[in-house]
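Chemist: Chains as they are written, first to last, in this note's numbering: chain A, 7 to 110; chain B, 7 to 110.
For the record, the hints were derived by calculation from the structure and aren't laboratory data. Even glycine gets a Cβ: it sits at the ideal position worked out from N, Cα and C. Please note that the accuracy of each hint is not assured.
Residues on chain A that point at chain B, a partial pick, calculated with CB under 7 Å [claimed, not checked]:
#: 1; residue: M38
#: 2; residue: D39
#: 3; residue: M44
#: 4; residue: E58
#: 5; residue: L62
#: 6; residue: V65
#: 7; residue: Q66
#: 8; residue: T81
#: 9; residue: Q93
#: 10; residue: V100
With a straight-line Cα cutoff of 27 Å, these simulated BS3-like cross-link-like pairs (lysine-lysine) come out [what the hints assert, rightly or not]:
#: 11; chain 1: A; residue 1: K90; chain 2: B; residue 2: K53
#: 12; chain 1: A; residue 1: K101; chain 2: B; residue 2: K53
#: 13; chain 1: B; residue 1: K87; chain 2: A; residue 2: K72
Pair by pair, the computed Cβ-Cβ distance ranges are [claimed, not checked]:
#: 14; chain 1: A; residue 1: E57; chain 2: B; residue 2: Q66; range: 40 to 46 Å
#: 15; chain 1: B; residue 1: Q93; chain 2: A; residue 2: L50; range: 32 to 38 Å
#: 16; chain 1: A; residue 1: T55; chain 2: B; residue 2: E35; range: 38 to 44 Å
#: 17; chain 1: B; residue 1: L50; chain 2: A; residue 2: K53; range: 22 to 28 Å
#: 18; chain 1: B; residue 1: Y32; chain 2: A; residue 2: K90; range: 34 to 40 Å
#: 19; chain 1: B; residue 1: G64; chain 2: A; residue 2: E33; range: 27 to 33 Å
#: 20; chain 1: B; residue 1: N78; chain 2: A; residue 2: E58; range: 18 to 24 Å
#: 21; chain 1: B; residue 1: E35; chain 2: A; residue 2: E57; range: 37 to 43 Å
#: 22; chain 1: A; residue 1: Y34; chain 2: B; residue 2: K87; range: 14 to 20 Å
#: 23; chain 1: A; residue 1: E103; chain 2: B; residue 2: S71; range: 32 to 38 Å
2 protein chains.
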Amino acid sequence: MKKTISLSEMKDKYLGMPGTIERDQYEYELRMDVLGKMIRAARLERKLTQEELGRLVGVQKAQISKLESSANSATIDTILKVFKALQAEVSFYVKMEDNFLQIP
Amino acid sequence: MKKTISLSEMKDKYLGMPGTIERDQYEYELRMDVLGKMIRAARLERKLTQEELGRLVGVQKAQISKLESSANSATIDTILKVFKALQAEVSFYVKMEDNFLQIP
DNA sequence: TTAATTGTTTCCATTTTTAGAAACTAATAT
DNA sequence: ATATTAGTTTCTAAAAATGGAAACAATTAA
Chain A
7 MKKTISLSEM
17 KDKYLGMPGT
27 IERDQYEYEL
37 RMDVLGKMIR
47 AARLERKLTQ
57 EELGRLVGVQ
67 KAQISKLESS
77 ANSATIDTIL
87 KVFKALQAEV
97 SFYVKMEDNF
107 LQIP
Chain B
7 MKKTISLSEM
17 KDKYLGMPGT
27 IERDQYEYEL
37 RMDVLGKMIR
47 AARLERKLTQ
57 EELGRLVGVQ
67 KAQISKLESS
77 ANSATIDTIL
87 KVFKALQAEV
97 SFYVKMEDNF
107 LQIP
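I would like the entire structure built from these sequences, with the hints used as guidance.
Modeler: Printed below as a string of structure tokens:
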């Protein structure tokens, strides 16, 4: 007999576990290695292998591996393709330091 | 005589004006065209020309123009180089839809 | 242990981005 | 209007990312 639970309940259960995507209020500095870790976390939450995710995205498992381990940089387009295949939304924001300006 | 005001005060004054970076709570979908607009907004807040920003980053003004108008995609590394030159921090987060999972 | 699965690394070819330079357009100032 | 500044587009070459394939390593299952 199978039991159906929501992803929210899963998050409640596994919140804070390494390798899982945490709640919305968690923000990350935009860096390639952090992005790679997020891709891996999202893939694992979807219970996919790199090969399966590769099929969804349309690339080979080797590309997914390279992205997750941030072997090199990546283009925005590639990042978006992968998160889209994982049915995940990515948001960002920019914060500028509170420098002082001279008003003439 | 010059008057010195903080960037916060500037934001208070110009909040909502087109082409300015708005407050932290404003989030943006991670897309190349939105990133380009943010680069332009940040550059203008720093009161820099494309040529000056190019010098800071170490590229020609043409590259800056291409990024801002999102003529093509861009690598994460390039995006970060530009925002760093603008002394701006970029954060992101991933939200996964609340799908249902089958637990065996 | 062995077999099967999953993930990593390497090689090569192709595509795309990055870069400099110059020509061009648009906007601003004198 | 003309000159100056700012931004865009095009051209070329170089660097880097992407992609397929196979070999390799690591993990898991039987």
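Chemist: Checking hints one by one. Is A/V65 an interface residue toward chain B, by the C-beta closer than 7 Å rule?
Modeler: Violated, because the Cβ-Cβ distance from A/V65 to chain B comes to roughly 16 Å (cut-off 7 Å).
Chemist: Against chain B, is A/M44 within 7 Å by beta-carbon distance?
Modeler: Holds - the Cβ of A/M44 comes within 7 Å of chain B, reaching about 5 Å at its closest.
Chemist: For the hint 38 to 44 Å, verify it against the beta carbon of A/T55 and that of B/E35.
Modeler: violated, 28 Å
Chemist: Tell me if the interface restraint on A/M38 is satisfied: Cβ within less than 7 Å of some Cβ in chain B.
Modeler: holds, 5 Å
Chemist: Run the distance test for A/K90 versus B/K53: straight-line Cα separation, threshold 27 Å.
Modeler: violated, 36 Å
Chemist: For the pair B/N78 and A/E58, does the Cβ-Cβ distance stay inside 18 to 24 Å?
Modeler: violated, 30 Å
Chemist: Between B/E35 and A/E57, does the C-beta distance stay in 37 to 43 Å?
Modeler: violated, 29 Å
Chemist: Is the hinted pair B/K87 and A/K72 satisfied, with a Cα-Cα distance of at most 27 Å?
Modeler: Judged against 27 Å, a Cα distance of about 22 Å means the pair holds.
Chemist: Once the shortest beta carbon distance from A/D39 to chain B is found, is it less than 7 Å?
Modeler: violated, 10 Å
Chemist: Please check whether B/L50 and A/K53 have a Cβ separation lying inside 22 to 28 Å.
Modeler: violated, 45 Å
Chemist: Quick check on A/V100 please, does its C-beta sit within 7 Å of some C-beta on chain B?
Modeler: With Cβ-Cβ at 5 Å, under 7 Å, it holds.
Chemist: Quick one, is the A/E58 hint okay against chain B at 7 Å, beta carbons?
Modeler: violated, 15 Å
In summary, the structure is inconsistent with hints 2, 4, 5, 6, 7, 11, 16, 17, 18, 20, 21, 23 from the numbered list given earlier, while agreeing with the others.
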